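One-letter residues, chain by chain:
There are 2 protein chains.
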Amino acid sequence: MEREHMFVQGEIITIGNELTSGRTLDVNAWYAAGRLTASGLRVTRITSVGDDYPSVSRVLTSAMEASSFVIVTGGLGSTEDDLTNEIVSRTLDRPLCLHKEMLETIKRHAKMQGVEMSSSLEKMAWVPDGSKMLSPEGKACGFSLVENEVRFYFLPGVPEQMRYLIDRMVIPELQSLYGRLPVTMCRTLKVYGVSEPHIAEVFKDLDKRTSKAVLGFYPHFPENHITVSLTAEDARNTARELDRIEKRIREKLGTAVFATGSSSMAEVVGNIFTVKGLTVSVAESCTGGLVGHLLTSVSGSSRYFLGGVVSYSNQVKMELLGVQAGTLEKCGAVSNETAREMAEGVRKRLHSDVGIAVSGIAGPEGGSKEKPVGTVHMALASAEKTIATGYRFWGNRQHIKLNSATMALDWMRRYANGDPLLPGI
Amino acid sequence: MEREHMFVQGEIITIGNELTSGRTLDVNAWYAAGRLTASGLRVTRITSVGDDYPSVSRVLTSAMEASSFVIVTGGLGSTEDDLTNEIVSRTLDRPLCLHKEMLETIKRHAKMQGVEMSSSLEKMAWVPDGSKMLSPEGKACGFSLVENEVRFYFLPGVPEQMRYLIDRMVIPELQSLYGRLPVTMCRTLKVYGVSEPHIAEVFKDLDKRTSKAVLGFYPHFPENHITVSLTAEDARNTARELDRIEKRIREKLGTAVFATGSSSMAEVVGNIFTVKGLTVSVAESCTGGLVGHLLTSVSGSSRYFLGGVVSYSNQVKMELLGVQAGTLEKCGAVSNETAREMAEGVRKRLHSDVGIAVSGIAGPEGGSKEKPVGTVHMALASAEKTIATGYRFWGNRQHIKLNSATMALDWMRRYANGDPLLPGI
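Quick note, the sequences are listed as chains B and P, same order.
Residues 1 to 425 in our numbering are what the first sequence spells out, letter by letter.
Residues 1 to 425 in our numbering are what the second sequence spells out, letter by letter.
Just so you know, the hints here were simulated from the structure itself, not pulled from any lab data.
Be aware that one or more of the hints could be misleading.
Have a look at the derived ranges for each label pair, beta carbon to beta carbon [what the hints assert, rightly or not]:
#1 P:Pro-423 with B:Lys-247: 44 to 50 Å
#2 P:Thr-79 with B:Glu-160: 58 to 64 Å
#3 P:Gln-398 with B:His-351: 25 to 31 Å
#4 B:Pro-172 with P:Gly-277: 56 to 62 Å
#5 B:Thr-61 with P:Ala-235: 36 to 42 Å
#6 B:Gly-395 with P:Ala-235: 31 to 37 Å
#7 P:Glu-122 with B:Gln-175: 43 to 49 Å
#8 P:Ala-235 with B:Trp-394: 17 to 23 Å
#9 P:Gly-300 with B:Gly-395: 27 to 33 Å
#10 B:Lys-111 with P:Lys-385: 30 to 36 Å
#11 P:Ala-235 with B:Thr-188: 44 to 50 Å
Predicted model only: the values in this text are computed from it and were never measured.
Built from N, CA and C at the ideal position, the CB exists for glycine as well.
Working from the sequences, and respecting the hints, build out all of it.
Here it is in structure tokens:
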């Protein structure tokens, strides 16, 4: 039990009828628990209750008996069912007071969004006596207070705002309060194009040699993410051990590992294209614009992404990309031949170094025996040559679109790195 | 409080260190809560705790004080950290007994899967005295017991098995125990282009007249979703009352309500364009393909969506869409004038009834004093005329892209319905 004493214990309370009725999945508790654990703190309990006085009051009281800190999310908004401030006020017997700085922040926020100030917005600034505002740069509003030496953090239920405050305010404050916490470091390796059972085999082999590290596996369709967590007293040694494990995983999975940390596939592609000074254009059929959307999700993508043509109809394929009517007739829109002409056409018309084309059947209609739903052909045209191949993806329409678009980005990454493409059908 | 008495109240406890450490998202609690609520039962609390005696014991004891039924998942397996049976035995002071029928089921199961029977598998059949096996057709194993008139259900943490037992055993048993349960119906209204405080004001006014209905508000950027839940004994009257409330909300919010139920904006647009026999093409700059992606997320979108041009660079705007060099020079790429020429260009070149154009500054770079980040100009060209206006959106790059693309779809919807567009800057 000695290890237990290393940890500062806390709990998470999420408030909302949408949680207890099963209408909404509780991603806030999950995020907060993950971030706190990774920061060396321990979460002993997560409780979700509806927006009503008896439930919230009971769980707040019970949390005070057992925890050093309590994270509460939800019920801070401006609508009638946002009752957290009032319930906390009654439970802890602290009257609601108008927090002037918070009111100013809310006003500034409303103005920026072009929203008129109202009494329901003002309500949000009435917080239990003694509360401290949590709001770095006024981007989101929450508050904290200390009762019986227990530190309570009240955060909005909007996931983005909650995450922002957890990362920017709550964790730094807890870490500075409790001093040197055991270091838990976590590294994420992002993988594309390797199946789950294959990764499980890699894990089996790794497990024997990575005694203290905890390996995690998280499918993020169509990617798979592998996490390696390690807790120790010493940051430098922990990092060195993580390096060693990362190296072993990379030896096993090779170029399928496309990123470490938080980088997205589009960011990885963007970096390589920027470094190599290459430009790209895309000709999209079944993805309908998703490849362009992913590429332009990266700030600064205009340096390498020139644009594209979404050729959903055959007429657009012919008129805007120069695909031959004969090719469409003989081979069909979903074929290596059409994909080739699309890639070459978009490259030529947009004057880019590389042209990428995707043409497939996203379903649920349009499949045939020879070309079932999920059949997708891709091509990449460069000054030297054009390559093309087909894949068969699995899943519903959204899965097939996303997998196709990710594969197109993976082609760009592998092309620019000089790595072989993933084998097709 | 009379309303409360209509409901049989219960709670859900999920056990596992993977939950409190944030390694795994708690989909079991979400599923169970949703199914129980839909069956007319009420979940008042969901608690996740780690696999240890003090945490589990404490939450079991607390649940007994407040609930008629308790669903517990996790910790029933064969590994060392599966401790639920033992903890329940100690907490309720009921010795573990070998349940013969359960042992047979486990043996049969092991044989079917080609797994050798072992002492760790046998462990699973040692359950607290007085437990009843839950296992229709031996597909998954759980058990139930009654203590102090509280009905406990212990289910495995494997989502598939848990769901199977919830649907096949737990809910039918609770329904037969508690007789005819009240009907809870929920309706969702989706809204675009109305601010949260404005909706709050509408709610205030509605609340007085909708005594029994529970109104909920859920931001789904850039949309807002309003839910109306109503519980009553009689399904037909409940539906009629929901109709009445929906009508009142629509009176207040007008054309901002774009859908009822689960339809997306793209589906709504697709339906109208299909019914009216219209076709559309898109010219996208800052959205980078997102408008096309959203439109093609709908199966059958090829009936009305012909394709588009992603004109990220000015050269593409000129060469593929016919935007005049002079317009770009004089007014800039982000202007009504350029948007107009883009919309007219894409409509002409793709031979569609309607051409939509979006050109803006998604940031974080590229803003100026006159045209800050978030400035987005749109145009819609039809046979009769071309309309254009600018908006100023708020948020990060992803927000601005998504808001712009949704606004483009909203223009399509409003154009086809003959409704006025949302006012711009």
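Now the hints, each set against the structure:
1. P:Pro-423 with B:Lys-247: 44 to 50 Å: violated (58 Å)
2. P:Thr-79 with B:Glu-160: 58 to 64 Å: violated (37 Å)
3. P:Gln-398 with B:His-351: 25 to 31 Å: holds (29 Å)
4. B:Pro-172 with P:Gly-277: 56 to 62 Å: holds (58 Å)
5. B:Thr-61 with P:Ala-235: 36 to 42 Å: Roughly 39 Å apart at Cβ, these two residues keep to the hinted range, so it holds.
6. B:Gly-395 with P:Ala-235: 31 to 37 Å: Holds: the Cβ-Cβ distance is about 35 Å, inside 31 to 37 Å.
7. P:Glu-122 with B:Gln-175: 43 to 49 Å: holds (46 Å)
8. P:Ala-235 with B:Trp-394: 17 to 23 Å: violated (39 Å)
9. P:Gly-300 with B:Gly-395: 27 to 33 Å: violated (18 Å)
10. B:Lys-111 with P:Lys-385: 30 to 36 Å: Check passed, 35 Å falls within 30 to 36 Å.
11. P:Ala-235 with B:Thr-188: 44 to 50 Å: holds (48 Å)
The structure is inconsistent with the numbered hints 1, 2, 8 and 9, although it conforms to all the rest.
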